[in-house]
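Asks: Here is what each chain is made of, one letter per residue.
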Amino acid sequence: MATIKIPPVLRASVGGEKEVGATGENVGEVLRALAASHPATESQLFSAEGELNRYVNVYLNDEDVRVLEGLDTAVGESDTLVILPAMAGGS
Amino acid sequence: MSPSGAELLRQVKSQIDEVDPSEVHELIDEGVAIVDVRESEEFAAGHLPGAKHVSRSYLESRIEGVVPDRATQVILYCASGNRSAYAARTLQEELGYEHVRSMTGGITLWKDRGYEVDVPRALTSEQRERYSRHLLIPEIGVEGQQKLLDAKVLLLGAGGLGSPTALYLAAAGVGTLGIVDDDVVDLSNLQRQVIHSTDRIGVPKVDSAEESIRELNPDVNVVKYQTRIDASNIMEIIAGYDVIVDGVDNFPTRYLLNDASVRLKIPVVSASILGFDGQLSVFKPYEGPCYRCLFREPPPAELAPSCGANGVLGVLPGTMGLLQATEVVKLILGIGEPAIGRLLLYDALGATLTEVKVHRDPDCPICSRDPEEITDEELGVFPDYEAFCAAAG
Numbered sequence: 054m055a056t057i058k059i060p061p062v063l064r065a066s067v068g069g070e071k072e073v074g075a076t077g078e079n080v081g082e083v084l085r086a087l088a089a090s091h092p093a094t095e096s097q098l099f100s101a102e103g104e105l106n107r108y109v110n111v112y113l114n115d116e117d118v119r120v121l122e123g124l125d126t127a128v129g130e131s132d133t134l135v136i137l138p139a140m141a142g143g144s
Numbered sequence: 009m010s011p012s013g014a015e016l017l018r019q020v021k022s023q024i025d026e027v028d029p030s031e032v033h034e035l036i037d038e039g040v041a042i043v044d045v046r047e048s049e050e051f052a053a054g055h056l057p058g059a060k061h062v063s064r065s066y067l068e069s070r071i072e073g074v075v076p077d078r079a080t081q082v083i084l085y086c087a088s089g090n091r092s093a094y095a096a097r098t099l100q101e102e103l104g105y106e107h108v109r110s111m112t113g114g115i116t117l118w119k120d121r122g123y124e125v126d127v128p129r130a131l132t133s134e135q136r137e138r139y140s141r142h143l144l145i146p147e148i149g150v151e152g153q154q155k156l157l158d159a160k161v162l163l164l165g166a167g168g169l170g171s172p173t174a175l176y177l178a179a180a181g182v183g184t185l186g187i188v189d190d191d192v193v194d195l196s197n198l199q200r201q202v203i204h205s206t207d208r209i210g211v212p213k214v215d216s217a218e219e220s221i222r223e224l225n226p227d228v229n230v231v232k233y234q235t236r237i238d239a240s241n242i243m244e245i246i247a248g249y250d251v252i253v254d255g256v257d258n259f260p261t262r263y264l265l266n267d268a269s270v271r272l273k274i275p276v277v278s279a280s281i282l283g284f285d286g287q288l289s290v291f292k293p294y295e296g297p298c299y300r301c302l303f304r305e306p307p308p309a310e311l312a313p314s315c316g317a318n319g320v321l322g323v324l325p326g327t328m329g330l331l332q333a334t335e336v337v338k339l340i341l342g343i344g345e346p347a348i349g350r351l352l353l354y355d356a357l358g359a360t361l362t363e364v365k366v367h368r369d370p371d372c373p374i375c376s377r378d379p380e381e382i383t384d385e386e387l388g389v390f391p392d393y394e395a396f397c398a399a400a401g
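Those sequence lines, one after another, are chains L and F.
Going by the numbering used here, the first residue of the first sequence is number 54, and it counts up by one from there.
Going by the numbering used here, the first residue of the second sequence is number 9, and it counts up by one from there.
Everything labelled a hint here was simulated from the structure, so no lab data went into it.
Quick caveat, the model's predicted, so the values are computed rather than measured.
Positions of the beta carbon are idealized from the N, C-alpha and C atoms, including for glycine.
Take these hints with a grain of salt, some might be off.
Unchecked claim - Each computed BS3-like pair below joins lysine-lysine, with the alpha-carbon atoms no more than 27 Å apart: (1) F:155 <-> L:71; (2) L:71 <-> L:58; (3) F:160 <-> F:21; (4) F:273 <-> F:365; (5) F:365 <-> L:58; (6) F:273 <-> F:155.
Stated by the list, open to error - Ranges of calculated distance between the beta carbons of each label pair, as one might list FRET restraints: (7) L:122 <-> F:344: 29 to 39 Å; (8) F:104 <-> L:114: 27 to 37 Å; (9) L:119 <-> F:50: 50 to 60 Å.
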C-alpha cells in the first residue's frame, strides 16, 4: 500500500490525517482509491470530467508525475505520493 | 660566511625569471595568474587589475587556493620587486611551480609607467567591526560584504514573512531594502510580525519597518512603497532590484509578480505559510522554472485560504522568512546551491523538511517565451481571473 501525504487544506476531508494509505497499480488508481474512501477529497482532486485538477500537483516520491507518466505512472508498495496544492499565505 | 641581505637578494634574483611591467600589462586578461604578495593593507590601498592577493607570509599555505595548477603562468609582484623575488624562488624551488616570474620594480614602477591600478572601496572601521563575523568567513570576506552593501533587495510585504527577512537582511548589511506594503500595524499582527511593535499600532507598516531597520543598521537605505502592488505599478516598482522576496498573501499578486520578474529577469525568493506548514523555492528566470511552471493555475478560493482566515503558528513565518533571507544572501554572494528547481516543504509539527523537484515547463505561458514577448496585458492573468478575485473578495 502506497502512502499519500495530505496537504493542510485537504486534511479536514480525511479526518485530520497527515498521511493515508491507499492501494493501486498507478497514480490514478491510488488517488481514486483515496477519493473512494474519503469522498470529500474527490471534487478537490478531480474535475467533473475525471481529470486531475490543474491546480493540484502530485509527486511520486520527489518527482512531479507530469514529467513521468502522469496518472498512469506505476506506484510501488513503498512509494509515497505527495499531493500539493499551491499556498499563498504570507502575512 | 653568510651573505649580506643585499648579496642574498642578488643571488635569488639570479635564480629566478623577472618580467618587465610593460610585458605584464600585455598579459593581463590573457589567463596569467597575477599574485600580489604584499600585506593586506598594501593590497587594499590599490593593486593591479585582476590581481589575487596572497601575502608572502602566507605564501606556502595559501598559494594553492589561488593557483591550484602548477603549470599555470604566475607573475608575482610586490612594492618594488624584492619580496616578490623571494616569493618566486619559493614557488619555483620548494613548491614546484613551473612558470613563475617576478615583476621588476613592483607596483611602484607599474604606476610610474602610468598603468591602471584598482583601488578597492574600503569598509569604514565601524563597518569592519559591525560585519567582522562576515569578514572572517572566507566565502564572504570584504569582497562579499561589499556585494551585500551594494545589493538592492525588494520585499513584497512587511508582514509575517517580510518582518524577519527585512531584519536579518538589514543586519547583514544589504545596502538597499525596498519595502512594499499598504497596510498599517494591527495588534493581531504582533504575534508574528516582529519588525513592528506595540507602540506603533496604527502606523503604516513601511514606516514602522523603516524605524526598526534604522535602529538596527543605519547603513541600510530603506525605500518605501506604501501601496498595493498591481499591474499598473509593478514594472516601475521592481525594475532595478537585484532580488525580490515574495511574501504576499494572495495568488493574483504572486502570478503578477512572477510574470513581471520573468520579463525583467529578476530572481524571486518565494515562500508561503499556512497553519503549521511552509513552502519555499527560488525562481531564477530562464535558469530554472518559474512560479507558473510549478503551479499552472491557482486553486479555487475555497481551497486557498489566507492566513487571516485560517491562522498560522506565529513562529512559522520566522522560520520560512529566515530561509528566504538565507537564499537572498546566497544569490547576492553567488555561493552555495540556491533552491532553484526545488520546492522545500517544511512541516513544523513533524519537524520535517522534505523537497520535491520543480521542472521548467516547456509549454509555460510565460517563461517558455523571450522576455520582450511578454506584454503588459498578460501580466498576472490566469484562467477565471475575474471569478477568482470575486470569490476571494
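Asks: If a hint holds in the structure, say so; if it doesn't, say that too.
Replies: Verification of the supplied hints:
1. F:155 <-> L:71: Given pair residue 155 of chain F, residue 71 of chain L is violated - Cα atoms ~43 Å apart, limit 27 Å.
2. L:71 <-> L:58: holds, 6 Å
3. F:160 <-> F:21: Status violated; Cα separation ~49 Å.
4. F:273 <-> F:365: holds, 21 Å
5. F:365 <-> L:58: Holds, because 16 Å separates the two Cα atoms, which is no more than 27 Å.
6. F:273 <-> F:155: holds, 19 Å
7. L:122 <-> F:344: 29 to 39 Å: Between residue 122 of chain L and residue 344 of chain F, where Cβ atoms are some 34 Å apart, the hint holds.
8. F:104 <-> L:114: 27 to 37 Å: Cβ of residue 104 of chain F to Cβ of residue 114 of chain L: about 49 Å, so the range 27 to 37 Å is violated.
9. L:119 <-> F:50: 50 to 60 Å: Holds: the Cβ-Cβ distance is about 58 Å, inside 50 to 60 Å.
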